[in-house]
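Participant: Given chain A, work out where chain B should sit, using these hints.
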Amino acid sequence: MSQGSSHPIHHAYRQRQLQRQVALVVVSLLVVCSFLLDLMTGPAALTLREIVRALFLLDPASHSQQVIVWSFRLPTALMAIAVGASLGLAGGQMQTVLNNPLASPYTLGVSAAAGFGAALVLVCGVGKTGLTSTMAIPAGAFVSACACSLFLFLVCRLRNGSTETLLVGGVALHFLFSSGLALLQYMATNDALNAIVFWTFGSLQGANWQKMGILATVLSGTLIFILPHVWQLTALQLGDDYALSLGVDVDRLKLHTMLVVSILTATAVCFTGSIGFVGLVAPHLARMIVGEDQRFLILLSTAMGALLVSAAAVLCKTLVPGTIFPIGIVTAAIGAPFFVVLAVWRRSTA
Amino acid sequence: MQRRRASMAFLLVIPVLMALWGGCGSPASQTSQSSHSPTSTPRQIKDLAGRAVELPAKVNRFVLMRGMGLYDIAALLGDEVEEKMVGWDSSLQTSDRDAYDKFMKRFPRFKQVPLLGDSLRNGVSAEAVLALQPDLVIGGTYMLGQTQALEQLDQAGIPIVLLSSDDPFRDPQQGLMLLGEVFGKEERAKEIVDWVNRELEIVQKRMSQLEGPVPSIYVEAGNYGAEKYGNTFGSNLRKQRVHWGSLLAQLRCQNVGEDVSGPFGMGVIQPEYLLTRDPDVIVITGACWTAVPESLHLGYGADVETARQTLGKFPTRLGWSELKAVRSEKVYGLNTRLGAHLMSFAAVQQLAQWLYPEEFKDLAPHQRLQEFHEKFMPIGLSGTWMVELKEP
Numbered sequence: 001m002s003q004g005s006s007h008p009i010h011h012a013y014r015q016r017q018l019q020r021q022v023a024l025v026v027v028s029l030l031v032v033c034s035f036l037l038d039l040m041t042g043p044a045a046l047t048l049r050e051i052v053r054a055l056f057l058l059d060p061a062s063h064s065q066q067v068i069v070w071s072f073r074l075p076t077a078l079m080a081i082a083v084g085a086s087l088g089l090a091g092g093q094m095q096t097v098l099n100n101p102l103a104s105p106y107t108l109g110v111s112a113a114a115g116f117g118a119a120l121v122l123v124c125g126v127g128k129t130g131l132t133s134t135m136a137i138p139a140g141a142f143v144s145a146c147a148c149s150l151f152l153f154l155v156c157r158l159r160n161g162s163t164e165t166l167l168v169g170g171v172a173l174h175f176l177f178s179s180g181l182a183l184l185q186y187m188a189t190n191d192a193l194n195a196i197v198f199w200t201f202g203s204l205q206g207a208n209w210q211k212m213g214i215l216a217t218v219l220s221g222t223l224i225f226i227l228p229h230v231w232q233l234t235a236l237q238l239g240d241d242y243a244l245s246l247g248v249d250v251d252r253l254k255l256h257t258m259l260v261v262s263i264l265t266a267t268a269v270c271f272t273g274s275i276g277f278v279g280l281v282a283p284h285l286a287r288m289i290v291g292e293d294q295r296f297l298i299l300l301s302t303a304m305g306a307l308l309v310s311a312a313a314v315l316c317k318t319l320v321p322g323t324i325f326p327i328g329i330v331t332a333a334i335g336a337p338f339f340v341v342l343a344v345w346r347r348s349t350a
Numbered sequence: 351m352q353r354r355r356a357s358m359a360f361l362l363v364i365p366v367l368m369a370l371w372g373g374c375g376s377p378a379s380q381t382s383q384s385s386h387s388p389t390s391t392p393r394q395i396k397d398l399a400g401r402a403v404e405l406p407a408k409v410n411r412f413v414l415m416r417g418m419g420l421y422d423i424a425a426l427l428g429d430e431v432e433e434k435m436v437g438w439d440s441s442l443q444t445s446d447r448d449a450y451d452k453f454m455k456r457f458p459r460f461k462q463v464p465l466l467g468d469s470l471r472n473g474v475s476a477e478a479v480l481a482l483q484p485d486l487v488i489g490g491t492y493m494l495g496q497t498q499a500l501e502q503l504d505q506a507g508i509p510i511v512l513l514s515s516d517d518p519f520r521d522p523q524q525g526l527m528l529l530g531e532v533f534g535k536e537e538r539a540k541e542i543v544d545w546v547n548r549e550l551e552i553v554q555k556r557m558s559q560l561e562g563p564v565p566s567i568y569v570e571a572g573n574y575g576a577e578k579y580g581n582t583f584g585s586n587l588r589k590q591r592v593h594w595g596s597l598l599a600q601l602r603c604q605n606v607g608e609d610v611s612g613p614f615g616m617g618v619i620q621p622e623y624l625l626t627r628d629p630d631v632i633v634i635t636g637a638c639w640t641a642v643p644e645s646l647h648l649g650y651g652a653d654v655e656t657a658r659q660t661l662g663k664f665p666t667r668l669g670w671s672e673l674k675a676v677r678s679e680k681v682y683g684l685n686t687r688l689g690a691h692l693m694s695f696a697a698v699q700q701l702a703q704w705l706y707p708e709e710f711k712d713l714a715p716h717q718r719l720q721e722f723h724e725k726f727m728p729i730g731l732s733g734t735w736m737v738e739l740k741e742p
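Sequences listed follow chains A and B, in order. Residues 1 to 350 (this note's numbering) are what the first sequence spells out, left to right. Residues 351 to 742 (this note's numbering) are what the second sequence spells out, left to right.
If we strip away everything but chain A, and leave its shape as in the complex, we get (with noise of 0.2 Å):
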């Protein structure tokens, strides 16, 4: 390593990185705030310092303002922050993996299976399962998820892990199991469709301490597992074969990788139904600001998912005062036309 501290390129490289720490925190400062405002808005009207109090359990007197508190609001904001950041880190892990900016836990047919899963469970009967339907459904979803990603990676193997095979085959497996889900809608009864059709739309209701604690589990357990190789992952931007020159296990890397990103998504969607479009924008927004650094570019699609369904769960909230809004309607349609801003724009700027 050069000395030369003054030199420019040093100079432009310590500017970059400077920048990109503080997008990091500014995202991460965005997220905080958007969590606490998801705490401090509800139909309850809570004055803050009553939230507070709530929080602190400081007033004993108003129980069920502790349970809005703790029951509602809190797993409610913490799981859109989990789910959000699963499917930012999970889509930009596929995007760096397959080096195709449309790979996404959607694109790949993950979250399809895990809706064709759910839909099983209620069309077969939960009755059968001898679970509760709380149970069965997320453990139908999570099974059929798991089973697609083991798929594409048979697939992969056989054809030795080209990326092409594994989108191709993610496209395919996507329409395999939408075109199941519809048949499984045709064949069921009007009770079951409708909950069929709910769960397909994403929502956060039925958040608790539980869930949110499976899920954070998982997507600490993949964080772990990912940052170490941010080197190996920023070489594969290169191409696998300048990244085998450098001594990269390609193929042991891509496997290990999909392997653990498609069990947290499968994880995410499990509890929430698909929740469409965050784990294909907030990767584009991260790159978009951070570039091909893995160092930053991990966290930051993190903290964009994050970022992007709590915010979505806040304009649900205030959407429909009262009611509950399926969360995955307004991530597809905030999600969708922005995604196409934001291509046409990339292009006009490249």
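To be clear, the hints were calculated from the coordinates, so they are not data collected in a lab. Given the structure is predicted, the values throughout are model-derived calculations rather than measurements.
Here are the in silico distance ranges between beta carbons for each label pair:
hint: 1; chain 1: B; residue 1: Gln462; chain 2: A; residue 2: Val197; range: 29 to 35 Å
hint: 2; chain 1: B; residue 1: Gln717; chain 2: A; residue 2: Asn208; range: 41 to 47 Å
hint: 3; chain 1: A; residue 1: Met135; chain 2: B; residue 2: Glu430; range: 46 to 52 Å
hint: 4; chain 1: B; residue 1: Ser678; chain 2: A; residue 2: Gly221; range: 46 to 52 Å
hint: 5; chain 1: B; residue 1: Pro613; chain 2: A; residue 2: Ser220; range: 36 to 42 Å
hint: 6; chain 1: A; residue 1: Gln237; chain 2: B; residue 2: Glu608; range: 51 to 57 Å
hint: 7; chain 1: B; residue 1: Lys663; chain 2: A; residue 2: Ser220; range: 32 to 38 Å
hint: 8; chain 1: B; residue 1: Gln717; chain 2: A; residue 2: Val197; range: 37 to 43 Å
hint: 9; chain 1: B; residue 1: Pro613; chain 2: A; residue 2: Met135; range: 26 to 32 Å
Here are the simulated SDA-like pairs of lysine to any residue, each with C-alpha atoms no more than 20 Å apart in a straight line:
hint: 10; chain 1: B; residue 1: Lys578; chain 2: A; residue 2: Pro75
hint: 11; chain 1: A; residue 1: Lys211; chain 2: B; residue 2: Tyr579
hint: 12; chain 1: A; residue 1: Lys128; chain 2: B; residue 2: Arg447
hint: 13; chain 1: B; residue 1: Lys578; chain 2: A; residue 2: Trp70
hint: 14; chain 1: B; residue 1: Lys674; chain 2: A; residue 2: Ser62
hint: 15; chain 1: B; residue 1: Lys578; chain 2: A; residue 2: Gly125
hint: 16; chain 1: B; residue 1: Lys578; chain 2: A; residue 2: Gln210
hint: 17; chain 1: B; residue 1: Lys578; chain 2: A; residue 2: Val197
hint: 18; chain 1: B; residue 1: Lys674; chain 2: A; residue 2: Gln66
hint: 19; chain 1: B; residue 1: Lys578; chain 2: A; residue 2: Leu120
hint: 20; chain 1: B; residue 1: Lys674; chain 2: A; residue 2: His63
hint: 21; chain 1: B; residue 1: Lys578; chain 2: A; residue 2: Leu74
hint: 22; chain 1: B; residue 1: Lys674; chain 2: A; residue 2: Pro43
Backbone N, C-alpha and C fix where the C-beta goes; we use that ideal spot for every residue, glycine too.
Facilitator: Relative to chain A, chain B alone:
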């Protein structure tokens, strides 16, 4: 929107054209005169969507595109329904399984009546209906502009009568009077409607004289059971109240879910909103929902003990122990279909009694429901339709 308006206009134009054409030369098939029908051939009626419909003198074969309407039609036609219904959609089978089984047992010939798919999902083929050569197709007003098969049938010149149950105080009765006219059973229809209206009036009259605070109520469909909030009944996206939403709006009570909106007038309440509104009475509606085993099962095939156990789990929801309704044990279960057909009088009486236990102490809604079945229905009452936390 444009398409819907166009198709509505179309539905209105067709009968007029048919009337003109019918005036020029009556088809040979309509020459048979009916002894029941007081009107001359062909006759014209106005359905609940306000459409003028041209009908043959006698309706001997009808297709029911709104399976849930079987209750009302069976009350009117009695045993004749078995021979006159030549096809139906599957909505009774998929949404009200208990009643479906009950009717199938009572009328074995229904096994041979073709099930045409679900009209709610555009699952009915117009060709299949045409093949049955019906004199009449009975549908619901909500199908206007939604159900393609209906438009195609209209083009093919099949008379279509649309009924409604949006306002449970009026629409089912109006629908029955109309069906009475259609089938030449005006007297029978009037007898049933008078009976139902009398039962409704008992509540309406007494309620209009009540004074003092208006109790608040929360009604939720128990189709997910206690672990997940089901829909509550507010208004649809055009701010109209239908079924339970309409029924509650016409009773002397404050529906805490009235601002909740969504398709078909239903939506899920935010739990914290419910906690802040703290209702005096909570009613969970039940039916034969098979998708989720924890759902509240009420209706012809429901067992009272199981229903009470299911209902007993609702007060254990987070934060509910603080609710007024839970502390005073005013958590009840009521069959959800009672909000959408002729038998809503039972729901109205039962709600009145739960809202004002003293003032409506003398009412016996379950007994009235039994009486209605004995008097008018070809099937008998069985199972559990209302349930309370406490054993009586």
